[in-house]
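Single-letter residue listing:
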Amino acid sequence: MEEKQINPREFADKTVERAIKAACAFFKCQAEELEINVITKGSTGLFGLGGRKAKITATLKPAASQEKRGSGSVDQLAMEDAEATPDAKEAYEEKESTTREFNTSEARKAIGPARGNRPKITPEEINRRVERARNMVTEILEKASLKGDVDIVEGEHGPYLNISGEDLSIIIGKEGQCLDSIEYLVNLFLIRQDEARYRIKIEAEGYREKKDRGLVMLAERMAQKARKTGKPVTLRPMDARERRIIHITLKAYRGIRTHSAGEGYKRKVVITPLYNKGRPKKGASR
Amino acid sequence: MRELVEYIAKALVDNPEAVEVEEIEGKQTSVIELKVAKEDLGKIIGRQGRTARAMRTILNAASTKLNKRSVLEILE
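Chains as they are written, first to last, in my numbering: chain S, 1296 to 1581; chain C, 6 to 81.
Everything labelled a hint here was simulated from the structure, so no lab data went into it.
Heads up, some of the hints might be wrong.
Claimed, not checked - Not close to chain C: a few residues of chain S, all C-beta gaps over 12 Å, as computed:
id : residue
1  : Glu-1305
2  : Val-1333
3  : Glu-1420
4  : Ser-1440
5  : Gln-1472
6  : Val-1511
7  : Lys-1520
8  : Thr-1524
9  : Arg-1538
10 : Lys-1546
11 : Ala-1547
To be verified - In the DSSO-like style, the derived pairs of lysine-lysine whose C-alpha atoms are separated by at most 30 Å in a straight line are:
id : chain 1 : residue 1 : chain 2 : residue 2
12 : S       : Lys-1561  : C       : Lys-48
13 : S       : Lys-1561  : C       : Lys-32
14 : C       : Lys-40    : C       : Lys-70
15 : C       : Lys-70    : S       : Lys-1506
These numbers were taken from a predicted model, which means no experiment stands behind them.
Beta carbons: idealized from backbone N, C-alpha and C, even for Gly.
Given only the sequences and the hints, what does the whole structure look like? Please build it.
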């Protein structure tokens, strides 16, 4: 541990940023906490040919130098913590591994409330909403002369509705389109009634869960394909919920990146490989 | 069918009393005409026609059950 902080280490990657990232991963810290010297900037070359790697050296900054800067909120918190003891530097280094994690989460908490401007919703309110949603779904099904029972189920992330019954396959519809439509309309009704948002999920005897599992599998298969061929893979148009599942599944996946392209209901997820076929870059962390 | 469209439309608009639904039944296909207050038209159609599409999807599901076809017309 001590050695790592004193001796500069060399990192090489496609770009300086990536080399810094690798250094951060190595020292398990933020880029701001590193003393970085750029040796060569590196170039990607022409069409990815004849590129040179970027080289940097990085050292973990001692706590003393952090005191002078004190810029980032995370750093500042860590710094204040260290100052509380007589020998700041020693204390900081000693507590480093545990303290930093603690302070990061503290800092995050401090940022948190500023983002969420939505009114908080109480459990009672949620229950009232779910009940209202249930009545709406029941009403819609009845008026559509479709036979289905609607039940409230306590799920992992709060209550949701489950539809079961004779006409379930019609209620689900092609690719779940009808179920999505009912869910969309019911949530639209609820939003019109009051401001606070709580999306009510409508499940049909495990249909959504099964479909989501299928999406995870599809995501992994297509990510492998993108990596193997070195070409971007575009998935079929999906709604926000489905796209989210794809993005989350592939977030930690190496060698590819995902983004969404297109407008409205035609929006699709694109999986882009990070390097071309046959030229895997050494030391690429993602 | 008429009731279904009426129920959904009235739940979405600001002026439920202005909602008018008429069903013109054919042998196989029935046309359902929906009329709402001018300022509610956007609410019925939705962003990128999403709400109108959702209504049509549910309407089609209901028609499937009856072995029929339905067309939803939104009148201006």
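To see whether the hints hold, each was checked on the structure:
Every CB of chain C lies more than 12 Å from the CB of Glu-1305/S, the least distance being 52 Å, so the non-interface label holds. With a closest Cβ-Cβ approach of about 47 Å to chain C, Val-1333/S is found to remain outside the 12 Å limit, as its non-interface label requires. Distance check on Glu-1420/S: its Cβ is at least 19 Å (rounded) from any Cβ of chain C, clearing the 12 Å threshold; non-interface status holds. Not every CB of chain C is more than 12 Å from the CB of Ser-1440/S (nearest about 6 Å), against its label as outside the interface.
Here Gln-1472/S does not stay apart from chain C, with its beta-carbon only about 5 Å from theirs, under the 12 Å limit. Against chain C, the non-interface label of Val-1511/S holds: every CB pair exceeds 12 Å, the least being about 26 Å. The beta carbon of Lys-1520/S sits about 30 Å from the closest Cβ of chain C, which is more than 12 Å, so the claim that it is off the interface holds. Every C-beta of chain C lies more than 12 Å from that of Thr-1524/S, the closest at about 33 Å, which supports listing it as non-interface.
For Arg-1538/S, the shortest C-beta to C-beta distance to chain C comes to about 16 Å, beyond the 12 Å cut-off, and the non-interface label holds. Every CB of chain C is more than 12 Å from the CB of Lys-1546/S (nearest about 28 Å), matching its label as outside the interface. No beta-carbon of chain C comes within 12 Å of the beta-carbon of Ala-1547/S; the shortest separation is about 32 Å. With a C-alpha separation of about 21 Å, the suggested pair Lys-1561/S and Lys-48/C falls inside the 30 Å cut-off, and the hint holds.
For the hint linking Lys-1561/S to Lys-32/C, the alpha-carbon distance of about 35 Å lies beyond 30 Å, and the restraint is violated. Pair hint Lys-40/C plus Lys-70/C holds up; C-alpha atoms about 25 Å apart against a cutoff of 30 Å. Between Lys-70/C and Lys-1506/S the alpha-carbon distance is near 24 Å, which keeps this suggested pair within the 30 Å criterion.
Hints 4, 5, 13, counting from the list given before, are not met by this structure.
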